Amino acid sequence: MKPRTKGPKTAARAPKATRHRLQLFVAGTEPNSQLARENLKRIIAAHLKDNCELAIVDVLKDFQTALAANVLVTPALVVDAAGTRTIIFGNLTEITKVLAALRLPPGPP
Amino acid sequence: MSDRERIRKLQEQLAQAEGVIEALRSHQVDAIVGQDDVALVRLREAEDAWRVSEDLNRRTLQALPAHIVVLDQQGRIIVVNEAWTKFARRNAAGDSATVAVGANYLEACRPAVAAHDPAAVAALAGIEAVLGGRQEQVTLEYPCHSPQEERWFLMTVVAFGAGGAVITHLNITARKQAEEKLHASLHEKEVLLKEIHHRVKNNLQVISSLISLQADNLTDERQRDLFGDLRDRVRSMALVHEKLYETANLARIEFAEYVRHLLHYLWRAHGSVAAAVNLKLDLQPVWLSAETAVPCGLILNELATNALKHAFRGRADGEMMVALQRRKDGQVSLQVRDNGIGLPVGSDWRQSRSLGLQLVQMLSVQLHGTVAVRGDGGTEFEFIFEPPKPPS
Chain Y
0 MKPRTKGPKT AARAPKATRH RLQLFVAGTE PNSQLARENL KRIIAAHLKD
50 NCELAIVDVL KDFQTALAAN VLVTPALVVD AAGTRTIIFG NLTEITKVLA
100 ALRLPPGPP
Chain E
0 MSDRERIRKL QEQLAQAEGV IEALRSHQVD AIVGQDDVAL VRLREAEDAW
50 RVSEDLNRRT LQALPAHIVV LDQQGRIIVV NEAWTKFARR NAAGDSATVA
100 VGANYLEACR PAVAAHDPAA VAALAGIEAV LGGRQEQVTL EYPCHSPQEE
150 RWFLMTVVAF GAGGAVITHL NITARKQAEE KLHASLHEKE VLLKEIHHRV
200 KNNLQVISSL ISLQADNLTD ERQRDLFGDL RDRVRSMALV HEKLYETANL
250 ARIEFAEYVR HLLHYLWRAH GSVAAAVNLK LDLQPVWLSA ETAVPCGLIL
300 NELATNALKH AFRGRADGEM MVALQRRKDG QVSLQVRDNG IGLPVGSDWR
350 QSRSLGLQLV QMLSVQLHGT VAVRGDGGTE FEFIFEPPKP PS
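If you're matching them up, the sequences are chains Y and E in order. At position 16 of the first sequence the residue is numbered 15 (numbering that gives the first Met the number 0), and the sequence of numbers has no breaks. At position 102 of the second sequence the residue is numbered 101 (numbering that gives the first Met the number 0), and the sequence of numbers has no breaks.
These are calculated hints, taken from the structure and not from any lab test. None of the values given here were measured: they were computed from a predicted structure. The beta-carbon is built from N, C-alpha and C at its ideal position, and this holds for glycine as well.
Residues on chain Y that point at chain E, a partial pick, calculated with CB under 7 Å:
hint	residue
1	A26
2	E29
3	N31
4	S32
5	V58
6	F62
7	L71
8	V72
9	G89
10	N90
The following residues of chain E were derived to be distant from chain Y, with all beta-carbon distances above 12 Å:
hint	residue
11	G162
12	L191
13	S208
14	S211
15	N216
16	Q222
17	R223
18	A273
19	Q350
20	G355
Throw the hints in and build the complete structure from the sequences for me.
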């Protein structure tokens with residue numbers, strides 16, 4: 000069964016009204032950063048589709064943004080959803096942790 | 000900011016810090032962001048090598064057929080391998096949990112020790128010696144028979160880390176059984192060999208008796224003498240076989256003992272003549288193989304018989320000295336000396352027509368030895384040879 004977001008129905012119909020703002024902080028093409036990119040891509044494809052806004056920040060090019068977001072290590076995923084901010088550190092292999100931060104039920108879509 | 004808010008903020012920071020630590024600990028961090036720079040964290044290669052080695056250790060432990068347990072200093076079980084767990088499940092007298100991780104192995108051993116099981120007593124003493132730092136390693140072979148089968152184990156206790164120990168129990172039943180078979184087979188061969196020497200000795204003794212019986216029917220003194228010589232030669236050979244089956248090792252005899260025994264026999268066999276000759280012995284222990292002892296015994300027989308028959312002719316009494324020595328150069332010297340009338344002047348013993356002296360020559364050549372003859376107030380024969388080394 001497809002999990003449904005609790006947002007207003009108009010949100011589903013209007014894909015531009017994203018509920019999740021995601022920021023992935025990576026360090027160039029370092030192995031964990033690469034892994035985090037791929038894992039996040041899979042999670043978005045399976046759970047969020049177009050219902051999110053993703054920005055990838057390479058701290059090797061821009062670390063000020065990371066400092067401003069209070070990101071001390073990379074890879075890190077900053078999730079802004081429903082008015083709260085959660086930061087997940089690591090390569091996002093543990094999908095349940097990511098889903099919890101996204102306020103999505105665990106398990107396959 | 001209210002207290003509640005401050006606390007919530009601190010809690011958030013704490014949760015974040017936890018997240019950072021966890022990511023670091025699980026080796027998922029690539030870079031650390033500082034106030035003015037970014038530092039890359041490149042531990043992967045070292046970590047991978049460490050992980051591979053750790054994985055290898057773990058798999059090796061699981062793959063080994065020996066039952067392996069690792070104890071801390073107090074004897075608590077901290078690691079076991081698959082073979083250990085399986086064996087414990089099948090064999091634990093009570094609860095297999097008593098020998099699982101977390102249990103105290105020394106406690107698990109105590110019931111068997113209290114029951115005075117000698118293997119358990121020795122095993123516990125060995126383990127405690129290693130745990131106590133008194134010994135680096137202890138090995139012990141012990142029986143551990145089940146009602147269904149005979150089993151043997153080799154226990155090895157090796158000191159590990161700070162006061163711990165690695166204990167392996169390896170099933171060595173197959174080796175033990177092979178050893179037992181080998182021992183049994185060896186014993187069987189020894190019995191057979193003993194039996195053979197016994198029979199050879201008996202047969203030679205029968206021959207010697209037949210010769211004696213035949214000699215009794217002879218009237219000619221010279222012929223009787225020849226038969227007597229023959230009987231003594233056969234007897235000297237029979238004696239080697241007698242000594243062989245009396246000896247534990249069945250391959251070698253103690254030749255000094257043989258010399259004593261043979262001379263005792265000759266003195267009896269040569270009755271009145273020998274009774275007037277005082278025998279002196281100076282013998283050192285020398286071990287000879289059967290192949291060497293037979294010709295050597297014959298040489299002694301010929302020299303002693305020759306002296307008894309000829310050295311004291313016309314004398315009321317005399318003295319014979321037999322010496323056996325292992326010289327410093329490893330050679331063996333056998334001396335037969337008498338204080339009799341000496342060899343005929345100008346004669347060469349090598350040219351003698353006496354079968355006895357011819358035999359001495361032939362047999363000394365066979366043993367790659369030399370015979371020296373000295374005459375000074377009697378006659379002295381010294382036979383020197385190098386006994387072949389026993390196969391190692």
